[in-house]
Amino acid sequence: MNFLLEPLSIVTFSPLLGVLVLLFLKSEQKAALRWTALVTSLITFLISLWAFFFSGLYNPANGGLQLVAKYNWINVAGWDIRYYLAADGLSILLILLTTFLTPIAILSTWTAVEERVKDFMLFFLLLEVGMIGVFVAQDLFLFYIFWEFTLIPMYFLIGIWGGPNRLYAAVKFFLYTMAGSILMLLAILWLGINGGTFSVPDLVAQGNIPADTQLWLFIAFAAAFAIKVPMWPLHSWLPDAHVEAPTAGSVILAGVLLKMGTYGFLRFNLPLFPEASVQAAPVIGWLAVIGILYGAAVSFYQKDVKKLVAYSSVSHLGFVMLGMFALNAQGVAGAILQMVNHGLSTGALFLLVGMIYEQTHTRDLPVYGGLWKITPIFGTLTLIVGLSSMGLPGLNGFVGEFTILLGAFGAGMKDGVFAGAGGFWLAGLAAVGVILAAIYILYMFQKMFLGPAGEITKHHDLKDLNWREILTLLPLLVFIFWIGLYPKPFFDLMMPAIENLLMPFQAILMAAH
Amino acid sequence: MVPVSYYLILSAILFSLGALGVLMRRNALVIFMSIELMLNAANLAFVAFTRVHETFSGQIFVFFVMAVAAAEVAVGLALIVTIYRSRQSVDIDQLSSLKG
Amino acid sequence: MLLNEANPATGFFGLVPWIVFAPVIGLLINAFFGKRLGETGVGLVASLAAGAAFLVSVLQAVSLAQHPEGAIVKLGEWIHIGQLALDWAFRVDTLSVTMMLVVSGVGTLIHIYAIGYMREDVRFKNDPARFPRFFVFLNLFIAAMMILVSGDNYLMLFVGWEGVGLASFLLIGFWYDMDTLGRPSWANSNAAKKAFITNRVGDFGFLIAGFLMFWYLGSFQFDAVFAGAPGLAKLHPEIILLMTVFMLIGVAGKSAQIPLYVWLPDAMAGPTPVSALIHAATMVTAGVYLIARSAPIFGLLHDSQYIVATVGAVTALFAATIAVGQYDIKKVLAYSTISQLGFMVAAVGMGAYVAGMFHLVTHAFFKALLFLGAGSVILGLERGHHHAAHHHGHGSHAENHHEETFDPGDMRNMGGLRKTMPVTFWVYMVGTLALGGIFPFAGFWSKDEILLDASLHFPHVYWILSAAAFLTAFYMGRQVWMVFFGKARHEAAEHAEESPLVITIPLIILAALSALGGFINLPFKGFHQFGHWLEHTLGAIEFPPFSLAVAGVSTLLALGAIALSWLLYQRKPLEHGQADPLAKPLGLLFVGMENKWFIDEAYQFLFVQPYHALAGFLAQKVDWDFWHEWFHDSVLVQGFVGLARFLANPVDLGLIDRVSYWLSDAIRASAEGLRKLQTGFVRSYALSVVLGVAAILGYLLLK
Amino acid sequence: MSLELILFFILAAIAIATAIGMLLSRSAVYAALYLVVNFVSVAIFYLLLDAPFIALSQIAVYAGAIMVLFLFVIMLIGLENLAGELNWRQLAWPLVMGAILLVEGVFLVIQRVGQDVYIGQTGTQLSDPSLMAKVLFTDYVLPFQITAVLLLVAMIGAIVLSKREKPALSNQGKEA
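Residue numbers (this note's numbering), protein chains in the order written: chain A, 1 to 513; chain B, 1 to 100; chain C, 1 to 703; chain D, 1 to 176.
Since the hints were made in silico from the structure, they are not lab data.
Any given hint could be a false lead.
[Unchecked claim] With a Cα cut of at most 30 Å, we get these calculated BS3-like pairs of lysine-lysine:
| id | chain 1 | residue 1 | chain 2 | residue 2 |
| --- | --- | --- | --- | --- |
| 1 | C | 125 | A | 414 |
| 2 | C | 419 | C | 234 |
| 3 | C | 419 | C | 125 |
| 4 | A | 70 | D | 163 |
| 5 | A | 488 | C | 74 |
Quick caveat: nothing in here was measured; it's all calculated off a predicted structure.
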């Protein structure tokens with residue numbers, strides 16, 4: 001039973017305690033249900049803070065895996081499957097992002113979810129378990145279980161509490177992700193059987209996969225992750241899922257679930273298949289750039305705010321992928337930070353959209369207009385979050401986007417991964433995305449808040465944000481400014497791990513040129 | 001010294017008697033008691049084997065069997081009470097709704 | 001804490017972060033407590049914040065006088081990844097302090113002016129609750145601009161660069177729910193958006209220049225970059241050229257040069273103090289500052305200088321031609337600003353950094369003066385309009401007020417204001433003479449220095465700039481005659497009233513500066529104080545001797561232009577509804593000037609509409625119809641359904657079902673027999689269990 | 001023939017006799033009482049086998065708790081006259097099967113165990129309940145916990161099953 005007492009196990013499974021409490025509450029006790037879920041998720045957040053910063057068990061200067069919990073689990077037929085949890089600089093920010101966003105998302109459902117509150121909270125806490133599990137699992141098999149497990153609560157969150165077309169969206173989300181995962185499962189089995197172990201660090205240490213096999217495995221893993229990210233052109237499920245999902249679902253979907261894809265690339269594809277990663281980098285880089293421009297252009301055309309934000313995710317995650325596959329320190333660090341940034345600002349955008357939707361029950365841009373006059377706090381917060389999303393210097397988005405672009409540009413230099421495949425053009429075109437981001441964000445802001453009063457603004461008695469809503473957004477805003485002005489603590493957390501991660505690539509690139 | 005086979009034969013006899021009880025009685029309560037008898041017979045064999053193999057496993061199994069038996073009796077008797085309430089009888093030959 | 005980090009030997013340098021903190025504190029106070037402070041309180045807080053920044057700037061200048069080498073004050077680390085090392089660090093040297101003084105000095109005056117201006121403006125626009133917001137934005141602008149001019153690396157400069165863009169966006173869109181005439185409209189917010197996006201295009205250039213800089217020179221820090229640039233220029237001159245060209249794109253965005261100047265005229269949608277502060281005196285000069293700051297890079301290649309100088313000169317002339325054809329008092333000034341920025345960019349492009357910066361300073365004075373004067377005129381007309389409406393209005397005033405689209409900024413509605421608004425008139429005259437380049441006003445000295453440099457090194461620039469200077473004097477003359485002379489062409493102008501002291505006092509101070517500002521850098525031996533001041537930063541500077549020829553020609557041109565404008569606009573003053581006297585002689589040319597050479601329309605056609613169409617095509621056709629609806633919902637889903645149907649009908653019904661029917665028949669037959677076994681008696685089931693047990697035991701026994 | 005063996009035979013006789021008695025008893029109460037005696041005799045066998053803890057558990061759980069439960073239920077549903085329940089014509093198959101089982105069992109024991117296997121001599125250790133507890137709470141802790149849950153579930157199940165359906169009061173109220 002010791003495995004349950006490991007710090008990371010506690011972090012991962014502590015939401016289950018809340019689930020247990022929820023089971024004993026009646027469906028009618030809505031307040032109690034909400035408070036239970038909120039308090040549980042807050043406790044989980046505190047535990048995660050404790051585990052990483054106050055327990056003394058985690059040393060940020062160490063680039064390797066820490067807080068290791070390693071137990072034998074399934075040892076049959078020569079398979080070596082372990083219960084293996086650990087965290088390092090690549091995952092710590094994402095774990096914290098998950099535990100941080102969950103209470104915020106729960107808080108946002110306070111008045112938005114009135115039906116089947118109990119089931120909602122249950123699924124939400126279960127979802128949190130799955131998400132944290134994905135980020136801490138170091139055994140491929142365990143990872144796969146967590147990975148697939150997240151699908152189920154999300155499926156129900158969309159399918160039960162979603163918009164009018166929720167079933168279509170939920171099924172599409174489920175099938176799309178499943179389809180990618182199947183290939184990954186095959187690759188996992190191949191690795192586990194041929195490598196003699198499912199533990200990622202061991203497999204990385206062995207590292208004797210021939211280059212052509214690597215490429216196949218890379219593609220199989222990438223299939224699952226690219227759909228989740230989602231990379232262009234596999235993004236078709238995203239607008240449906242986002243538009244139909246309830247606000248809290250959208251927040252978590254954008255904030256954390258998409259990061260599982262990018263994290264997958266970072267944790268599995270890069271270290272396990274370094275040669276294949278270098279080979280595939282230009283392709284992924286170009287897909288990312290197309291995604292950046294395409295997502296920005298398409299979101300500019302949207303009339304539905306949620307759809308606009310959803311497509312902007314395609315653009316933002318294009319930046320993340322571009323930075324990651326620049327395979328240099330600036331690019332990867334920027335990519336990880338941008339994952340967090342996207343979680344914060346897009347999460348906040350979804351929250352804001354949800355807050356106004358609760359009052360107006362429409363997300364149609366043309367019926368808004370002139371809102372800033374009536375709801376100044378709401379307008380100002382949306383402006384700040386929007387600016388963060390479009391990368392205004394001084395806010396978090398800029399730090400991520402700038403370092404990514406800088407990294408991508410450096411990868412176009414003569415010894416970088418993009419050197420033979422477009423060079424500076426990748427970063428140059430991606431930088432155009434910065435202009436396009438300004439266009440769609442300002443378009444959205446203008447159509448909602450500026451200009452003369454629109455239909456909704458005229459005919460509804462709209463209220464500004466209340467204290468609970470401000471409280472929901474405040475933590476996000478704090479981090480938006482913090483990361484923008486003083487990102488050092490965040491970079492410090494990830495840099496040692498990034499240096500470890502990039503070590504093999506220098507040799508490979510040296511050999512290639 | 002008693003050879004262990006004596007205990008085992010006794011256990012077999014008790015078990016057979018229990019089985020006989022299940023087969024020949026119609027009263028659900030008595031059938032239940034017969035089942036308890038069979039469980040006891042099995043327990044006896046367990047404990048006997050404990051002495052042969054010099055390990056606690058047999059005793060511990062008996063312990064678990066008792067716990068399970070207690071649970072089984074609780075549920076079973078509750079069922080009987082419920083059946084009696086609806087049928088005013090515990091004659092199992094009258095309970096033939098499973099007839100094909 | 002902040003004080004400790006500075007070198008204690010160097011006086012007030014440690015205070016420099018307060019040029020940013022002071023306005024930030026001001027904006028926070030006003031943002032959170034603005035409603036409670038009342039209008040005067042808000043204005044006071046904001047002005048004090050700007051004033052504090054000015055005070056700190058003065059202290060910097062005092063310290064610099066003793067330690068001209070300046071200092072770098074590090075506040076903290078920002079982004080450190082690998083070799084990338086970006087800090088929050090402030091650079092105090094003569095160049096940055098010059099900018100600080102201009103920004104905070106002019107800024108403070110405009111803050112004070114704005115207290116009076118906005119108090120009336122919010123009432124004309126019927127939304128007094130918006131008053132505090134204006135000062136929040138204004139302080140935000142000061143803070144961002146201070147970051148821009150004081151940053152010690154290109155990225156920190158960029159923070160300010162985008163920050164002022166944001167402030168500009170917010171202030172242009174301050175009356176976001178109406179147009180410049182106060183009618184409900186998207187116009188102002190469109191103008192704001194246009195400004196931000198155009199600036200972003202420039203920022204894109206800036207970013208690319210930054211990337212080149214980092215990967216070829218290894219740093220963003222000014223000293224490190226400048227140290228490495230000459231070496232790179234020898235190895236890869238093309239990289240330096242690219243860097244400067246991309247930087248020029250950034251400059252074109254921020255300083256409104258061709259081809260990105262289009263946002264600035266629209267930016268006049270913002271309240272007049274904004275036009276004065278941001279879109280004339282300070283923000284738009286950021287590009288000039290950037291080039292001056294990057295002098296060690298721009299000076300490396302003649303090609304870079306040539307391109308920059310030409311862009312500046314062409315912009316100067318081009319914008320001046322448009323200014324001639326405008327009727328809106330602020331639009332004329334806006335195009336004049338673009339034109340003057342062209343002068344400055346041309347100057348710094350030629351390597352005449354002192355001349356460029358000199359013109360920047362004097363221009364800040366007189367253009368701020370002109371804009372504020374124009375604001376005063378507009379307010380005067382608004383008052384007059386109200387006055388007239390109250391006296392004449394038969395029936396409902398409000399109705400009258402709303403139906404008539406009176407444009408207080410249209411010069412065709414003015415005339416004869418010399419008598420009704422005397423203070424405004426006199427200060428405006430000072431500004432006009434300074435801008436026109438009349439001896440001994442400030443503009444004369446600075447413009448003359450630019451022309452002198454051009455005549456020595458870039459003759460083509462000299463000719464273009466001279467033409468622009470001629471037009472400058474002409475359109476300013478035209479404006480003055482139309483606004484202040486002749487007789488009123490509208491009843492509002494008849495009843496116009498002079499502005500209160502809170503407005504006129506800043507005007508008078510600015511007028512004094514515009515008149516005397518030129519004396520900081522007289523082009524005679526033994527003077528050149530401003531040049532020597534900047535020499536500490538820019539290195540040794542060549543001071544060409546004062547040329548009577550150049551000065552004489554430019555003065556003659558200016559006087560000639562004013563005379564020409566007198567002939568056209570004053571000898572026979574414009575009547576109400578009469579067409580511009582230039583329209584006939586110039587014909588199509590004037591139509592072009594009037595309509596800004598149709599550049600906006602061209603951009604609309606070339607960029608905006610195609611992007612709209614492309615976005616629509618991608619979103620609707622490609623992403624939705626093709627990819628989402630057709631490919632996913634039709635091909636994938638229907639393909640799956642089709643496959644399922646195939647499996648269901650021929651395969652399943654035809655084959656498997658047949659087999660299964662047969663099987664089921666067989667099973668049913670056997671079940672008929674077997675069901676007899678189901679007696680329903682529990683004991684018979686038990687019996688069969690025992691039978692099974694017995695069988696197993698038997699097997700064990702026989703095995 | 002040792003004393004132990006004599007004791008064994010006596011007890012075996014009692015056990016078999018009470019089992020048969022239970023089988024043939026006309027009344028459920030008698031059957032239950034026969035069974036109690038049977039359980040007690042089996043408990044004594046446990047003592048003979050050096051398993052005191054099990055023996056006492058046997059008495060507490062079987063003879064005590066379980067049989068009391070039986071008696072309670074018998075009281076609850078009333079005494080049923082079981083006379084005539086045993087229909088000798090129906091008994092052929094059960095008897096045959098019981099006999100087969102018995103024969104097979106005995107033969108299996110003889111075949112597999114043999115008559116000369118004696119009980120080991122280290123019984124003192126096996127009889128120590130504290131040692132047993134140690135094994136129970138280390139190696140078998142998970143089954144132990146699961147058993148606890150099982151008991152809880154059984155308890156809840158029994159409560160739910162034997163709870164009377166509440167009559168629909170509201171309807172009656174309306175009609176009344």
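Results for each hint:
The straight-line distance between the Cα atoms of residue 125(C) and residue 414(A) is roughly 59 Å, outside the 30 Å bound, and the hint therefore fails. With a C-alpha separation of about 64 Å, the suggested pairing of residue 419(C) with residue 234(C) is violated against the 30 Å cut-off. Between residue 419(C) and residue 125(C), the direct Cα distance comes to roughly 27 Å. Compliance with the 30 Å bound is thereby established for this hinted pair. Restraint check: the Cα-Cα separation between residue 70(A) and residue 163(D) comes to about 48 Å, which exceeds 30 Å; the hinted pair is violated.
For a cut-off of 30 Å, the pair hint linking residue 488(A) to residue 74(C) stands: about 15 Å separates their Cα positions.
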